[in-house]
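K.L.:
Residue numbers (our numbering), protein chains in the order written: chain V, -10 to 256; chain X, 14 to 260.
Treat the hints with care, as some may be off.
[Unchecked claim] Here are the simulated distance ranges between beta carbons: (1) X:Met62 / V:Glu219: 26 to 32 Å; (2) X:Ile164 / V:Leu88: 55 to 61 Å; (3) X:His83 / V:Thr223: 56 to 62 Å; (4) X:Asp212 / V:Thr213: 52 to 58 Å; (5) V:Ser108 / X:Ala78: 36 to 42 Å; (6) X:Asn125 / V:Glu219: 21 to 27 Å; (7) X:Asn158 / V:Glu219: 33 to 39 Å.
[Claimed, not checked] Anything over 12 Å on all C-beta distances counts as not near chain V; from chain X, calculated: (8) Ala59; (9) Ala74; (10) Gln86; (11) Val118; (12) Pro130; (13) Gly138; (14) Thr144; (15) Pro188; (16) Pro195; (17) Gly199; (18) Gly213; (19) Thr238.
[Unchecked claim] Here are some, though not all, of the chain V residues that point toward chain X, as calculated from beta-carbon distances under 7 Å: (20) Ala110; (21) Phe120; (22) Glu175; (23) Tyr231; (24) Asn232; (25) Ala235.
Hints are computed from structural coordinates only; laboratory data are not their basis.
Computed from a prediction, not measured in an experiment: that's the story for all the values here.
In this text, a Cβ means the ideal position worked out from N, Cα and C, and glycines have one as well.
The chain contents come next:
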Amino acid sequence: MAKFFAITILVIAILSAIPILRHTWWMAEDISTHGAPIDEQMSETMAEAGISFLASQFILAFFIWKFSNPRPGEKIKNFPGGAKAMVWAAVLLVGTEVLALGVFGAKAWANVYFTPPSSSAMPVQVQSGQFAFYFRYPGPDGKFAPIHPELISESTQNFYGLDTNNDPDAKDDIVTAEMAIPVNREIHLLMHSKDVGHSFFVPELRVQQDFVPGLDLSLHFTATKVGRYEIVCTQLCGLGHYNMKAYLSVLSQQDFDDWMKKEAAMQ
Amino acid sequence: MRKESSFAAVLSAVVLVCSGALILNQKVSAAGEGKISGTVRLDGPAPHMKGIEMSKDPYCAKAHANEPAHLEQVVVGSNGGLQNVVLYITEGLPASALAEAPKEVLVFDQKNCMYTPHVLAMDAGQTFKVTSSDQTTHNIHPLPNPMTGNIPWNQSQPPGAAPIEKSWKAPEVIPVKCNIHPWMNGWHVVVKGPYAVTDGSGNYSINNVPPGNYAVTAWQELYGTQTQKVTVAAGKAGTADFTFKAK
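In isolation and in its complexed conformation, chain X is listed as follows:
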């Protein structure tokens, strides 16, 4: 009798959760969700990043008058942590987890004639806005492959102009450039589902991941991608550390 009642309790709980999930169309959200976290490191000495000469535009040159800016292809923290690596799930996500893009609006700022952040990761369909903190005209020119369904655009943004709000339809790694300042180069990494970008120490955490078995992919603009299997148990974080070899 006792056994039966506990079985009934479990069963009813399962039914309740399932029907709840069905009703809510299982929007991936905080309660009961796990996460995948870890660190991305660079093995070997960081490659030399060229200095950037901005003399073409006196505003930009003045902003970096004391210390020239450098390329941001490989940004390594003190402990070998690799910044600007995008982590996303390539296998194992239920279709329902992919249904809706996050509501959060991302910001891609142009500051001192550089893109901040250098790498902007986003979910397909998620809104981002391009802003300018500079007193000089910029030109934002993302170059997606039109075969993916993403439509290329090219728009100027004078100082004080309103932010440009956009989104990308399909997952793709899209280089972004400025036609006025040829050194300006950034990335829009569009993925499906939850994602994370490593911070200055190479740490990341992909939140809102339902329990399950996954393949996590790390993308770095120079070193390409790496994939690992990871398991997320209910309420527990899965761990995946990556190491890219310097070249």
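Excised from the complex, chain V in its bound form:
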């Protein structure tokens, strides 16, 4: 019986490793300039965790196979040094690994968060609200007009509370439901939430950042491949959370300019 159990453990361990090794459910293709170290970190984490997992399963199976039926009178052996030494060894082993992954990971993270966007980055604002994203481009004047929360109204499509009657800066602001950006141009994304916590996640861009009510957060990234990608909310934000999404269109400069003209006409 014990031998059967040991073999079952081995079979489960190997079967569960196969889809990971074959990248069956791997991440979507990376279309960002900052994504490579993140993917590398992911691969390293998977490799280290995978090797540790397989090794521990093999050792477990081996011990079950060899020691599960002690002969009568045989002395049970302990870990050398007893329980205390075993706990120390485990803490050391796991701690070193977590520390190592953390150091490498912090580097990938700091590449995104601790470097400022370049001065030529294109600013785009995103506002999350139950249950949609709305984007704002500053228009020809390059200025985002101030937001007046009391003017926010979905029924008049004034999602940003712009005072278009009195504020000249507001007149050329372009508010859209889809986010379009030119390819190979750095984007400075300015994020705020209208109501509760949300998240901005574009798997292909290797970008996932929460919206925190009351905080103005920002991100910067460059997309390198033309295409249409999904932006999804990954913080449970209410009844309609499952339906909270928008699209990111990465366009050539020419297409982007055309798109902008079309959106300006819709305002």
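Could you slot chain X onto chain V? The hints should help.
P.N.:
Same frame as chain V, but now just chain X:
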């Protein structure tokens, strides 16, 4: 003698009508009833109605692929007639005329990710059903003020789901929204007594109005309300035209 008999005839006719009215609890109905009709116009240029971008939902975006939908706050016909104005009687109706809501079931449809009609007027207690002609899930979320006695509700309607039948208890102007499609915005205008909504040319006709003196109110979602006095004679229509100033 002749005079007396004609007086008796009139008297008996009056008694007959009155008792008939009492017996029937004076349900407002066609025979002998007048109506109030007229036109509602907009004075000045119609305000710009923003285009609606529906890219969030590919089904909705496809339905408007050729021509984007626009906001429907102010819909003006070719002759300046204002559509979607609700007209109802605010003064002068006898209590008996308010007793019973019409039996007709109204339809509030969701079509191409817009509410059709944009403004649904109804009598308090009248049944309406919310239907969906779309192959995408909608969420119907009317937002009444609970202090009026109307109870807010919020219900999803996937494609092919059964119509949702409801009614409102108290007169109130209730905004309706869809939590999935933030641009979707409609109105339930609940009134007491007979009502009408202007058509594409701004014309309306409130039927089943017994003769009398009334105050008629016109409600427009952006411009608010206006009230006029109007007299309905037996079998004759009273007329009330309204003009809202564009702003």
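K.L.:
Look at each hint and say if it fits the structure.
P.N.:
Going down the list of hints, with the structure as the test:
Between Met62 (chain X) and Glu219 (chain V) the beta carbon distance is about 30 Å. The supplied range of 26 to 32 Å therefore holds. Range check, Ile164 (chain X) to Leu88 (chain V): about 57 Å between beta-carbon atoms, so the 55 to 61 Å window is met. A C-beta distance of roughly 33 Å is found between His83 (chain X) and Thr223 (chain V), which places it outside the suggested range of 56 to 62 Å. Between Asp212 (chain X) and Thr213 (chain V) the beta carbon distance is about 54 Å. The supplied range of 52 to 58 Å therefore holds.
Evaluation of the 36 to 42 Å hint for Ser108 (chain V) and Ala78 (chain X) yields a pass: the beta carbon distance comes to about 39 Å. As the Cβ distance of Asn125 (chain X) to Glu219 (chain V) is approximately 23 Å, the hint placing it in 21 to 27 Å holds. Distance hint check: the CB atoms of Asn158 (chain X) and Glu219 (chain V) are about 38 Å apart, consistent with the given range 33 to 39 Å. Against chain V, the non-interface label of Ala59 (chain X) holds: every CB pair exceeds 12 Å, the least being about 15 Å.
At roughly 9 Å, the least C-beta separation between Ala74 (chain X) and chain V is not larger than 12 Å, which violates its mark as non-interface. The beta carbon of Gln86 (chain X) is not kept farther than 12 Å from every beta carbon of chain V, the shortest such distance being approximately 7 Å. For Val118 (chain X), the shortest C-beta to C-beta distance to chain V comes to about 26 Å, beyond the 12 Å cut-off, and the non-interface label holds. With a minimum CB-CB distance of about 15 Å to chain V, Pro130 (chain X) clears the 12 Å threshold, and the non-interface call stands.
The beta carbon of Gly138 (chain X) sits about 26 Å from the closest Cβ of chain V, which is more than 12 Å, so the claim that it is off the interface holds. Its beta-carbon lying about 20 Å from the closest one in chain V, Thr144 (chain X) satisfies the requirement of being farther than 12 Å from that chain. Not every CB of chain V is more than 12 Å from the CB of Pro188 (chain X) (nearest about 7 Å), against its label as outside the interface. Once the 12 Å rule is applied to beta carbons, Pro195 (chain X) is inconsistent with being away from chain V; the minimum gap is 5 Å.
The claim that Gly199 (chain X) lies off the interface is violated: its Cβ sits roughly 9 Å from the closest Cβ of chain V, which falls inside the 12 Å cut-off. Distance to chain V confirms Gly213 (chain X) as a non-interface residue, since its nearest Cβ pair spans about 21 Å, more than 12 Å. The Cβ of Thr238 (chain X) lies farther than 12 Å from every Cβ of chain V, with a closest approach of about 18 Å, so its non-interface assignment holds. A least Cβ separation of about 24 Å between Ala110 (chain V) and chain X goes past the 7 Å threshold, and the interface hint is therefore violated.
Against a cut-off of 7 Å between C-beta atoms, the interface hint on Phe120 (chain V) holds, since the closest Cβ of chain X lies about 6 Å away. Because the beta carbon of Glu175 (chain V) sits about 24 Å from the nearest beta carbon in chain X, more than 7 Å, this interface hint is broken. With a cut of 7 Å, the hint placing Tyr231 (chain V) at the interface with chain X is violated, because the nearest CB-to-CB distance is about 9 Å. Here the hint on Asn232 (chain V) is kept, as its CB sits about 5 Å from the closest CB of chain X, short of 7 Å.
The beta carbon of Ala235 (chain V) comes within 6 Å of a beta carbon in chain X, closer than 7 Å, and the hint placing it at the interface holds.
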